[in-house]
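Engineer: Residues per chain are reported as follows:
There are 2 protein chains.
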Amino acid sequence: MNIKQKGLLIVLSGPSGVGKGTVRKELFKHVDNLKYSISMTTRPMRPGEENGKDYYFVTKDEFIKRIEKGKFLEHAQFVGNFYGTPLDKIEDCINNGDDMLLEIEVNGATQVRHKLPEAVLIFLVPPSKKDLYERLKSRGTEDEEVIQARIQKADSEFPEARFYDYIVVNDKVEDAAKRILEIINAEHSKRIRVYDEYLKILNK
Amino acid sequence: MNIKQKGLLIVLSGPSGVGKGTVRKELFKHVDNLKYSISMTTRPMRPGEENGKDYYFVTKDEFIKRIEKGKFLEHAQFVGNFYGTPLDKIEDCINNGDDMLLEIEVNGATQVRHKLPEAVLIFLVPPSKKDLYERLKSRGTEDEEVIQARIQKADSEFPEARFYDYIVVNDKVEDAAKRILEIINAEHSKRIRVYDEYLKILNK
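From first to last, the protein sequence lines are chains A and B. When the first sequence is numbered by the working numbering, its final residue is 206 and no position is left out of the sequence of numbers. When the second sequence is numbered by the working numbering, its final residue is 206 and no position is left out of the sequence of numbers.
Just so you know, the hints here were simulated from the structure itself, not pulled from any lab data. Where is the CB? At the ideal position from N, CA and C, for every residue including glycine. Any given hint could turn out to be false.
[Unchecked claim] Residues from chain A shown here face chain B by an in silico Cβ test under 7 Å; the list is partial:
#1 S130
#2 I169
#3 D173
#4 V175
#5 I185
#6 V196
#7 Y197
[Unchecked claim] Each pair of labels, with its calculated beta carbon distance range:
#8 R164/B to Q150/A: 21 to 29 Å
#9 N35/B to P161/A: 24 to 32 Å
#10 K117/A to K139/B: 49 to 57 Å
#11 K91/A to N83/B: 32 to 40 Å
#12 K55/A to N205/B: 34 to 42 Å
#13 N35/B to R164/A: 24 to 32 Å
#14 N35/B to K62/A: 28 to 36 Å
#15 E146/B to I194/A: 35 to 43 Å
#16 K91/B to R164/A: 30 to 38 Å
[Said to hold, decoys possible] Taking beta-carbon pairs under 7 Å as the criterion, some of the chain A residues facing chain B (in silico):
#17 M3
#18 K131
#19 R164
#20 Y166
#21 A188
#22 L204
Next comes chain A alone, as it looks inside the complex (with noise of 0.2 Å):
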């Protein structure tokens, strides 16, 4: 039994290609009651991505007249692309108790880190940088240029997991997911999170 409570804003981030998606998925296989917010992007679709279930693939217009209008938590630019987090759903989910997981880059994640403060920030890294660029390089979908800007991009992220509240290494997919649904789990039963309703049910 959880003591009632607003619902987890998780922030899962980490370096350029330590494989956040793959833990995403893996871990959304365990939970029923955890929603995903879908980011939006203008970068192209790739092979066996889906609109509205992998990303909002948008135009660059598009994109552009939605950071006018407000209507992103936190938005960043990368190789020529916007990614960002839509706004709306995100505090109705958690108001209404519900568990929102956001699967976003370091440069967004800063940004909700500031917006929103009583997000929990999961910082997801490699056993090893040498492992990452490993991982980048095998990847296979994107050429030499673009993986040398992913690898400066990592390295320049890596030492960002010090504003972090966890840190998981993703050295087998499988227990990277486990370990972030014991945070969650762990999450809920914080002090904080709970006690004035704490006071509430003992009395009852």
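Guided by the hints, dock chain B onto chain A, whose structure is given.
Structural biologist: This is chain B only, laid out in the frame that chain A set:
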């Protein structure tokens, strides 16, 4: 994979009669890398209890000698009996990278919090006060006067939850134990505990 770190000192406490011992025993069915700090007491052994397993049972003279020699991390007195946590082995265990669990009374937990602020404090609570009163009455091993003393003690302990890191409801023993296990695992991913070591492994 956990990033290398010191062991955790987990303090399981909560109001008198909430079921700390039962939850602790359930928890230990599901862990193999958690050590249990056996408390020392001067209270009489209950049916089914074993010396050196449930408690170290000693005389009051022996207990007072140990207090004078500074051999307790914490100690407390309740209904005429002493309870304490032997200090030796705890520091060794933690520094060796192993987790240790203390199951102690609220007064003792307060002492641990002051001496070892990095300890993880978990406050076990009943689903309601009424539920706890029923448990105390149905335990049947103590007379009415002792029951009333425990109820009064429990009432004074409920608000102490505000000093703890986590509040876990003991509605079902299995669920409470599972939640505690998740808290322990999540704590091992806390950025504050692993950041220095994370920087080292990255560069390997």
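Engineer: For every hint, state whether the structure bears it out.
Structural biologist: Tested hints:
1. For S130/A, the interface hint holds, the least distance from its beta-carbon to any beta-carbon of chain B being 5 Å, beneath 7 Å.
2. Annotation: interface hint on I169/A holds; nearest CB of chain B at approximately 5 Å, less than 7 Å.
3. Below 7 Å, beta-carbon pairs count as interface contacts, and D173/A has one with chain B at about 4 Å; its hint therefore holds.
4. Given the 7 Å rule on beta carbons, the hint for V175/A is violated: about 12 Å separates it from the nearest Cβ of chain B.
5. Checking I185/A against chain B: minimum C-beta separation of about 4 Å stays under 7 Å; hint holds.
6. The beta carbon of V196/A is positioned within 7 Å of a beta carbon in chain B (closest approach about 5 Å), and the interface hint is therefore held.
7. Taken as an interface hint, Y197/A checks out: its beta carbon lies about 6 Å from the nearest beta carbon of chain B, inside 7 Å.
8. Between R164/B and Q150/A, the C-beta spacing of about 52 Å breaks the proposed range 21 to 29 Å.
9. Distance hint check for N35/B and P161/A: the Cβ-Cβ separation is about 30 Å, which falls inside the suggested range of 24 to 32 Å.
10. Range check, K117/A to K139/B: Cβ separation about 50 Å, and the 49 to 57 Å hint holds.
11. One distance hint, 32 to 40 Å for the beta-carbon pair K91/A and N83/B, is violated here, with the actual separation near 56 Å.
12. Between K55/A and N205/B the C-beta distance comes to about 37 Å, which sits within the given range of 34 to 42 Å.
13. Here the CB-CB span from N35/B to R164/A is close to 28 Å, well matched to the stated 24 to 32 Å.
14. Distance hint check for N35/B and K62/A: the Cβ-Cβ separation is about 52 Å, which falls outside the suggested range of 28 to 36 Å.
15. Range check, E146/B to I194/A: Cβ separation about 38 Å, and the 35 to 43 Å hint holds.
16. At roughly 34 Å, the beta-carbon separation of K91/B and R164/A lies within the given 30 to 38 Å, and the hint holds.
17. Of the supplied interface hints, the one on M3/A holds, with its beta-carbon coming within about 4 Å of a beta-carbon of chain B, less than 7 Å.
18. At its closest, the beta carbon of K131/A sits 5 Å from a beta carbon of chain B; the interface hint therefore holds under the 7 Å criterion.
19. Interface hint at R164/A: satisfied, since its Cβ lies 6 Å from the closest Cβ of chain B, which is below the 7 Å cut-off.
20. For Y166/A, the suggested interface contact is upheld, since its CB lies about 5 Å from the closest CB of chain B, less than 7 Å.
21. Using the Cβ-Cβ criterion of 7 Å, the hint placing A188/A at the interface with chain B is satisfied: the shortest such distance is roughly 4 Å.
22. A least Cβ separation of about 5 Å between L204/A and chain B falls short of the 7 Å threshold, and the interface hint therefore holds.
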